[in-house]
Structures are given as structure tokens and as C-alpha cells.
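**Q** Chain by chain, the residues:
Protein chains: 4
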Amino acid sequence: MIKAGIIGATGYAGQELMRLLMQHPECEVEVISSRTYKNTNYDQVYGNFMGIASDKLVDEEIDEISKKVDVLFIALPHGIASNKISSKILENTKIIDLGADYRLNDLSVYEKWYGVSHGSPELIEEAVYGLCELKRQDVKKSNLIANPGCYTTCSILSLMPLVKNNLIDKGSIIVDAKSGVTGAGRALNLGTHYTECNESIKAYKIASHRHTPEIEQELSGVTDSSISISFTPHLIPMNRGILITAYASLNKKYTYEDIKEVYEECYKDEQFIRLLPEGVFPETKWVKGSNYCDINFQIDERTNRIIVLGAIDNLIKGAAGQAVQNMNIIFGLKESTGLEVIPAFPI
Amino acid sequence: MIKAGIIGATGYAGQELMRLLMQHPECEVEVISSRTYKNTNYDQVYGNFMGIASDKLVDEEIDEISKKVDVLFIALPHGIASNKISSKILENTKIIDLGADYRLNDLSVYEKWYGVSHGSPELIEEAVYGLCELKRQDVKKSNLIANPGCYTTCSILSLMPLVKNNLIDKGSIIVDAKSGVTGAGRALNLGTHYTECNESIKAYKIASHRHTPEIEQELSGVTDSSISISFTPHLIPMNRGILITAYASLNKKYTYEDIKEVYEECYKDEQFIRLLPEGVFPETKWVKGSNYCDINFQIDERTNRIIVLGAIDNLIKGAAGQAVQNMNIIFGLKESTGLEVIPAFPI
Amino acid sequence: MIKAGIIGATGYAGQELMRLLMQHPECEVEVISSRTYKNTNYDQVYGNFMGIASDKLVDEEIDEISKKVDVLFIALPHGIASNKISSKILENTKIIDLGADYRLNDLSVYEKWYGVSHGSPELIEEAVYGLCELKRQDVKKSNLIANPGCYTTCSILSLMPLVKNNLIDKGSIIVDAKSGVTGAGRALNLGTHYTECNESIKAYKIASHRHTPEIEQELSGVTDSSISISFTPHLIPMNRGILITAYASLNKKYTYEDIKEVYEECYKDEQFIRLLPEGVFPETKWVKGSNYCDINFQIDERTNRIIVLGAIDNLIKGAAGQAVQNMNIIFGLKESTGLEVIPAFPI
Amino acid sequence: MIKAGIIGATGYAGQELMRLLMQHPECEVEVISSRTYKNTNYDQVYGNFMGIASDKLVDEEIDEISKKVDVLFIALPHGIASNKISSKILENTKIIDLGADYRLNDLSVYEKWYGVSHGSPELIEEAVYGLCELKRQDVKKSNLIANPGCYTTCSILSLMPLVKNNLIDKGSIIVDAKSGVTGAGRALNLGTHYTECNESIKAYKIASHRHTPEIEQELSGVTDSSISISFTPHLIPMNRGILITAYASLNKKYTYEDIKEVYEECYKDEQFIRLLPEGVFPETKWVKGSNYCDINFQIDERTNRIIVLGAIDNLIKGAAGQAVQNMNIIFGLKESTGLEVIPAFPI
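Chains as they are written, first to last, in full-length UniProt numbering: chain A, 1 to 347; chain B, 1 to 347; chain C, 1 to 347; chain D, 1 to 347.
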């Protein structure tokens, strides 16, 4: 059994991780920690765990915790993990960081977009960007996984085949993204007060969301040129789910079949990527509660653009599920262990 | 492996059953049928099953199907199953009927509340009312299980200890029930059109809902007298979940602890019943996606009433989950097999 | 033109009042105040007022403000108004208090349920409980109106004819109430964080909600005996609306028509009370955005109970609308002035 | 008083129109008609009108009706109005058609996108596209107004200043649109069944929605070249509201102020267009229940794109409100008569 610890177990991503790990057949949760709720029983923080996990949350003593576990998941706001993780800790345990601190290869890009200085720049190079479908070979060998952002995962998986195969004008990419409110976490905020976001939609962090450089880095990584995109996230009055609608100009005329073939070639062995049949498009409801990413596209012949749609459960494939998938890879388990759940509906 | 069939696999309860059975370690779904969608692939009807279940739905030929399976789940509107099931079919397979046809012992009560004549009254006596926590000994021996209604399950489990132990005035029971919209099924109806039930609440079938006699029958069954209740269901703008708020006059002054003890005694061995700590009350969100029934109560000292609250996931403990629990009992499996899932949140 | 001021203009009730008063043909808003947002333009606090009200919010200097206005609306949490209002202020202006401080006639009941001491007990006797349909003669003559609570308004209007005409067992009243989330206000709270209350239902303050003594006081007031009720509020995942489902035992057998006549007699001249046709029951959607209270009932013949349903828009008839109605009464305007709006749907 | 009739008074747009017209100080609704509900009282079809409008709905005898009214609003699915309207009818009354039949100038474009043949092509030329802010001079003189589509209104108003002033690459326009579910009407459909669209988001009619040619026609009309756009609508789990997020490449480097000036110049006299302050972006909640269109934009300097956001209430500025605005123009009333309502919040 893999012994796991969770730092930041009381945020939504931490909680989803707790749920997945407790149900994972090869893993047991050894330590859960939370600064805010230390010394509280877990089921007092999350009533769904009533009678299932009444373990006490401990303080965030990462050094201590790292000695007790084979893998340590970190689910903290950006800027904190990089100050807590060190080479020494990486000797004790493997780290899967659900935060943003190790996702960007370029320190200056990180510091520009996040507005903080990085606590352990020397570790950036060691870190592997854990988008499993693209990086599983590197993940296997790493002690420090930067688990991708939610918008990022969905955007990259949806666009990668087009970029890699040079089918689109790389300067033309626009990602219009929509997320449920869990993406904003459990911290109180007027914008996520029920009556303020229910029955309304808005865009936010227009042209300035921090997942932008992450998407650009990874898309650039599958081609030979540097890619800039426009990225606009929207807040949707629903609990879970991300849908991205991506637009790009095709380099020449292609048929649906031409491009379908390219996607199939890229993803033919991917259990968690579902390429939908022609004319059937992703809806977040079909992936809820699962690690799937559903993808399909439409060619707009009048403008010769391609419109790609991707959907994930933001807390699973966009956070905790992918973190478990990374753990499975690292420990040589079947990649889908503990993740083979059928999406629930209507839920 | 238990071979299972589902008649009516494309309603919401049928679909949830499909999901649970496909994930059940000791069961495999052999046949799925639907009149409306016969010859269609299952994942064309429910996109969550895309790439997971593309089996073709067959017509509702119950005779044929009953020969192929060890257990046959029936999820049809009332009045149909009783015309399809016969002694002969019960020789072929075990039946777990999620509909109402065999729930009421008294034929005249059935015909009065449902307004139809019963197709196989001779089988009523054979049928066992499959509320697992109350009837598991009978379930074990039966070939024909009447799986309880959703409101019923939650109401009976919440009130039973009070009635059985004679703590309340049996003429004083009022159940004010609230259900999510999946309770109304997938059939189109103005009342469940999104913009007609979103952002509103209403009561319906006031003093006339068909789950009333079912609750009365089972509560009467644990005591020596005939019980009549007032039952009012409400439609809540959410997908899943039932909350019942039940009121009754206490027979004398009791403390919280007095009554807590009675509940604990009744349910101490029940894995799926969670008696919440004092002052913590059921919320449907904490049981979503699971087979749990959460219960707690408050004594209103000023009026000497008890207010009992119970919450379930209507499609699981209120339908498909309990059906699986019944299957587990019948086949001698651990009762929680395939049902030990932690409720998901926020979902 | 009546000059009005609003203390606490940035809570939801204050904001709804602002909207109603700005659209009122005989009134103009002279001063708006807010402790939290003083010196901020109103449309920066509420974007719906963009370009419509960019007035600056001033501090809550009630003495100063009271000199400038003909009527002063106070929309503050309980316990504050009673410390701000004095006889001197009542010489300057008329007060309509949307809070709870002057609603209960009995000081000890107030202090017991609210757990604070009252700041101006000498004014309690002067205050008139402003449930317009019951008290309009008293309202006319008063300088200090205690505007009723939201649950209270709906409960009293729904039950009053039964109590007044002695049709029910006065010890048998149970009110099961359901409210949208605006009832909890704009202050941040985990319980009203979007992802915590969306897609779920819960009861809260069971047998202890502060609107209980208010309902009891007013129902007792229309009969000769002291009435105790059981009251359970529930939080519904929707923005607006209150539905109450009230249960009581009938004193003898009555037909629907018998009781309908009693309601019609009570409310025949009431513009804002809509007695629905037999078999049609209140739904909160039909009153949204309006000052209406929709009422109907069903007799449960099997138990000889009556089940009364009432629906209001909690921010209008349950708060700001009724406050305006009170203002109209005080100033001798047509009672419906500024309130004759058709409910909007679907909204 | 203007005498108005409504053909198709029982759809959502027809109902909203009914509400606006009944509250309009210079208009009275003389006839309401509905094929489905003929001979039914209006308040039996829409409970919000209970006690307010119990008029009987008549059959759709447009000839008869046209003789009785000064203006006739038609709110029918596309393809019907063009078969009902004739020159003769236009001699009797003015027509404001909320449907699509007369919106497109080019018959072949209409027939291609709508897949039906037009019933009165000879009237197309007479019809004026009633986007008030652009066409009020023409509206004044016309007997036949084609009231714009909901997505269209919001898209054109948001983009027009950029196109007209030649600030963007006209081949680069992408409109990613989001609508509440009222946009789909009251007709039953699996896609708008509560539990099928609640808690989910999807795109639909990708690159094929019929509002596309309408947007293209009107944007082309303010410049010298033919414009093609990519348009993708999404269904949002909320009742009302449209948000459009439009992307375009700027022709050169501009500052926020440069472009703000252009918008201000275009809309400085427009009461219903609110240009939000820098950094404040449209949210559908701020326009609900009103005729406003809120607009703002952000320059994405890294890609030199502009991202324009626009929000309207789809049933008001996107349908019934604009229809009333057109009526006001035609009859020489103040354009905002009956429309000067403050948006309601939270509702």
C-alpha cells in the first residue's frame, strides 16, 4: 500500500483528493493537514465524510509529514508550496503539487504572472509538468510533479493535436473557457456568494488569467515556435465542470475526417480521453465525477476556422483525479487505478 | 458473477442502476431493455456512458430476458410490471421491481391510490417490501422484491424508531418532504421544464401522493395500530436528493439523549444509516452519490413535538442503490458490495 | 413628494427598497447611508444601479439624516436600530424599521429570543406592527412602524383567517417554511457560499428561529388565547421567494368551500392577496418581483387536517415592498402606489 | 392610448411583451391570441397574471385582429409570420414581428439558413430591421418592423463601434455567446428538461446558428465590406440573460482610452446602453428585468486583440423590450416609455 499525505486537505481539491485516495485500492491516507482546521476531525469540516473519516487534521508540518509518507500531495494557494518544499523533503517523499508553483519552466514568467517571488527556483528544473497524456514518461522518473491547472488541462488536451500536427495558424488561438464555481475554491468571497453568482454569468480576469502562460508553454512545447493565445475564463452558475471553446484558423481546407484522424492518432491509447462521434459535442454533465476529458470539434467552413470543444470535471481531471493518475504512473500502477468510475448523471 | 438484466434501463433510476451494476464487482449486466430506445446504443441515450457502455438496448421481452439472467431489475411506471410478471417468470429469475406494483399488501389500497387494476394480485403476497434495514430476513428468501419508493424510504427510516418504541402520538405524524427534480423522471413535462421549475418551489399532490399509503403500511407494521399520516411533497430546484422534515407529538417529555439512545439501538449495525451528532442536521449535499440515509432530530420543547430530519440520494438509497442492496442480500453477498462509495461534494 | 432616507441601503432589503422608492411616483430618495460603504457611489456597490443611482452613501448619522427626511427606513441587523432610535428622532421623522427590534410587544420575549437587551424599550409601545392587511388603521396613526419579518408575513397572512374564525385546533399549528438564499442577506458565510448551498436543501434553526414568537404574537392577537407553533425554516437553492406549508387540525369537518368563504371574507378587499382557484397552489415563481401573497389550501380528509400554502417574494412583500406599502398608508397615498407591478417570469 | 394585439402571447417572449404592455402608460392590450391555448384565460397559462389578466386568448385570426389594433406584435416561430402577413394587413395596422422572417434582406440567405421558403418575399424590402439604436429613423417611417434576435442585438451593439470606425480586422471577428434557458422557449424538449440542462454547460448549433447571418448583415451595413464571423452559442443553466464575449484583432495598437472614446461617441445619447467604467465588466445579473445593454472591453496587449463583452436580458432588450421600444418610436412616444425600470437584483 502506498502511504499518502495531503497538505491542504480542506480545500475543495484537497477534499476531492481525500475522497479518491480513500477509495483507491492501493493507497491509504496516512496524514491529512490543514492550517485553518488543525485538530479538527475531518468529518466536521466535510459532512460527506461523516462516519467515514473522522481523522484529526494536523498542522502543516511538511518536514515531519514527508518522513511518514511515500507520496505527499500539496493543495495550497500559489506561492506557499515553493517555500515549503526543498531538496531535503524530496529525499523523503515524492511530491505531487496541485498548486501553480512548479508549473512554469521560466522563473520570470512565473514571477510576472503571479506577482510573488519563487521560494525554491532551484527545484523548477526538477519538476515535471504532470499532464499525464503528454508527459507520462517524464512523470515516471520524477520526484516533483507540478499537477496542471484545471483550465490548462482541458485547453491543452483539446488543442494539442492541432498544434503538434501544424494544422492551424499558431497566432490565431483563442480559448473561451467556462467553469463551475468550485474552481474558485471554498474561501468566502462576494463573487461566489450564492445570490451573487447564481443565475448570472460573467467573464473575469480577461486577458490576464494565470493559466494563460501555462497553456502557452505546453502548446509551444509540442511545436517549434512560441505560441501566444487569448484566454478568457467565465464563471458559470453550477458547481462543477469546465468547458472550453477554442477557436483557431486552419492552415488550409480540411475535412472533419482529416482532422478526426489526427485526434484519433494522438489519443488512440488514452483511456481518459473520449473523442465524441461527429456532431456530438462535449457537455460538462457527461464527465461529472470522472477523470474523462471529452473532446470534439466543428469546422466553420465559412471562415475556415476550427472550433474545438473540451469538457472535464475541474476537480477530478482538472485537479485531484489527475494527481492520482500521476501517483499511479509514479508508482507503476495501472494508470487508471482508482479512477475507473462512470460519470454520474443527473447529479 | 451474477447476471443481471434491466427492464426500463433508460429512465433515471434505470440508468443509475446501470451505473451501479457496471461498477459492482460481483455482477455483470447481461441485458438492458427499453421500449422507447430499443435498438439504440446505450451511450447514445446517456452520454456519460460514452465509450463505456455501447450495448444495444433490446425490446422489453420479459419472458426471453428472464431466462438469461439471475436477477431482473424492473424500472417501469406503475401498472406495467404487474402485467408483465408471472409465476412462470419468477421461476426463471429473481425480480427486483423498482416500481410501485408490489409495494402495497392490500390490493384495494393499491387500486384506490393508483387508479388502475393490478395485473397479478396473486403475487402480492409473495412479494417482500425491500426496505433492507427493516426486512432483510424476508428479502433473503424472496424471489420478488418490491423496492421501496424514494420518499418512503427516507420517511420510514427516519420515523420507525419513534413508532416502534411508542414514543409519539401515532395520530400526529406529519411528513413535509422535499425532492430534487430527478424524482420526476426523464419524461418531458411543463412542470419540469428548466425555466418552469428553476428558481421556484412548490408543493404538489398535497394530501394525495401515492407514497402516503406505503409509509403508513410500513409504520403500522412496526407497531400494533393503524397509522395515518399527512404527507406533502415539494419540488426543489436541484437535481438530486430528498429531505424529509417529520413532525410528531411526543407521548411525554423526553430529552435528546433519551431518544438518541433509541435511534442508536435501532440502527447501531446499519452501515448506511448515519445518525448525526447533536445539533448537526441532514443536508442532501452530504449524501449525494451514496447509499446513505442521514438522520437527526430536534425536540421542540415549547410544543413537546419532535422534528425528525432525514436525507437520502433519491436515485440511490431511494431507488437504484437500495435495489442493489437488495440484490446483495438475496445473493448472500456483503450487503454493501458495490455501494461503499463516499458521497461526492460539491457536485 | 415624500422625502425618504434609507439607513442600511446596501443590504439586500435596503437595495430592494432603493429600487422601489426610486420608481415610486410620490417619493424621492434623499439620503442613503451605509457604515460599510460610506463615501462609495451606490452603483459601485450594486451594478444594477449603474448610471441610475451614483449617489454617494453617507455614514449612519441617524440624527442628522432624520432632520432631512419625511420618512426614514431602517434596514439593519437586529439590536442596532433600538439603540439608534429615540423619541427625539421620532419627532423629526417617521420611522419604518425593517429589522426586528420593535416587532415584539413583550420586551422579555424579545430579549429571550434575540439574546440582546433592547436599546429603547420605552418605544415598544408606540411601535405598530406593520402587517398592512391586519394593521392598517394603526399604521396610519403611528410614527414608528415595525415592518414584519419575511417568514412571518407569509405565515400570518396564510393562517390568520383560520385562527380568527376558530376553525382549527390552536395547539396544532405547524409551519414548515422554505426560503430562497437572499433571506440570509449579503454578508459572507460558509452556509451561503455558492457551492455549499447550491443543489442542496437543509433545515436550520429548527424550533428556534426568531420569527416564531412574531408569528405567535400576531396569531394570538386575532383570537382569545395564546398560540404556540412549531416553526422550521429551510434554505432552498434559489435567489428569492418564500413558501410556507402550514398544517393544522380542523375543529370539525369542513368542505373546501366552507373555508374558502372564510378566506374570501377576510381578504376580499385586499389587492395584494391572491386566493388561488381550487386545486391551484402557490409557487414562488408566480409572485417574484411583486408585492403579492398567493394563498391556497387543501383539506386532508383522511386526517382532518388543513394544509395551507402561502408564497411571497421575501424581499418585497416580506421586506421592502411591505415597507413601501406602510409608507403609502402613513402618507395617505393609495396603498398600492409604486407597487402595482406584474410579477416577472421566468426570471 | 395605443391599442395593441399580440399573436403568440403564450410563448415566453409573448408573455414578457404582455407584461410590459400592460404596464405601459400609453398602451392597452386589446387582443391576445394563441393557437395552443385559444379560449383559455391568460392567467391559467401564466400564474403570475393571476387576478391581473384573465382575458381569454383568441385564435390566431390575424386579419380580424389587425382591424382592431394600432399595432400588432407577432411572436411566432420562424416561417409562420411571413405566411400570415400581407400588404392588406399592413394597411390595417403596424406590425412588429419578433420572429426572424423579415430580418434578413437577402431572400436567399433567409431560405438557406432557415430551410423554408419565405411566404411574402415582396414585403422584405418594406421591413425595417428594428435595432433601435441603429435604425430609429427608419423605424419611424415603417409599418413592418423586424425585431432583432436576442444574440444579434447584444452582438451588434457590442461590436458596431469597432466595425464602423474601422478599428479591427473585419475577418477576425469571433462571437462566443452564452444564453439562459428562456432563449429556448417554453416548448418541451429533452435539452431543456430541468435535470438535463441544470448544472451543465454546452455549446450548440456551432457555426450554424441562425443569428449568424443577421449579425453579419448588420455589421456589414455599417462598413463598406462584407463581414463573416464565427458564432458559437452556449446554453447556461440560468433562466435569463445573454452574455457575449467577442474577439477581434485590432488594426493597430490602441489604448483603452482611444477605444472608449469611440464607444462613447457612438452611444453618448443612448439611454439603454451603459458603457461600464474601465475594469468593470458586464454580468447578466445587472441587467435582468431591464432593457439595458451593458458593454465594456479589454485590450489583450500580448496578442493585440480586443475582447468585447456585452450583456442583455434576452427577453427584454433581446425581444419584448426592444419591441416596445420600437413601438414607442413608431408612435412618437418618448423612446423609453414603459421601459424605465431599474434592473432587479438578486432575482
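Derived from the structure by calculation, the hints contain no laboratory data. Just so it is clear, the structure is predicted and the values come from calculations on it, not from any experiment. A hint or two may mislead.
One copy or two, it doesn't matter: identical chains are merged, so the pair holds either way.
BS3-like, lysine-lysine: derived pairs with alpha carbons at most 27 Å apart [stated by the list, open to error]:
#  : residue 1 : residue 2
1  : LYS205    : LYS112
2  : LYS68     : LYS260
3  : LYS253    : LYS205
4  : LYS170    : LYS141
5  : LYS141    : LYS67
6  : LYS68     : LYS88
7  : LYS88     : LYS252
8  : LYS112    : LYS253
9  : LYS56     : LYS260
10 : LYS38     : LYS253
11 : LYS68     : LYS140
12 : LYS170    : LYS88
13 : LYS88     : LYS205
14 : LYS38     : LYS141
15 : LYS112    : LYS252
16 : LYS252    : LYS205
17 : LYS260    : LYS205
18 : LYS3      : LYS88
19 : LYS67     : LYS170
20 : LYS334    : LYS205
21 : LYS253    : LYS170
22 : LYS3      : LYS170
23 : LYS170    : LYS205
24 : LYS252    : LYS170
25 : LYS268    : LYS56
26 : LYS205    : LYS68
27 : LYS3      : LYS56
28 : LYS112    : LYS268
29 : LYS268    : LYS3
**Q** Taking the numbered hints from earlier one at a time, note which ones the structure violates and give those numbers from smallest to largest.
**A** 2, 4, 7, 10, 12, 13, 14, 19, 20, 22, 26, 28 and 29
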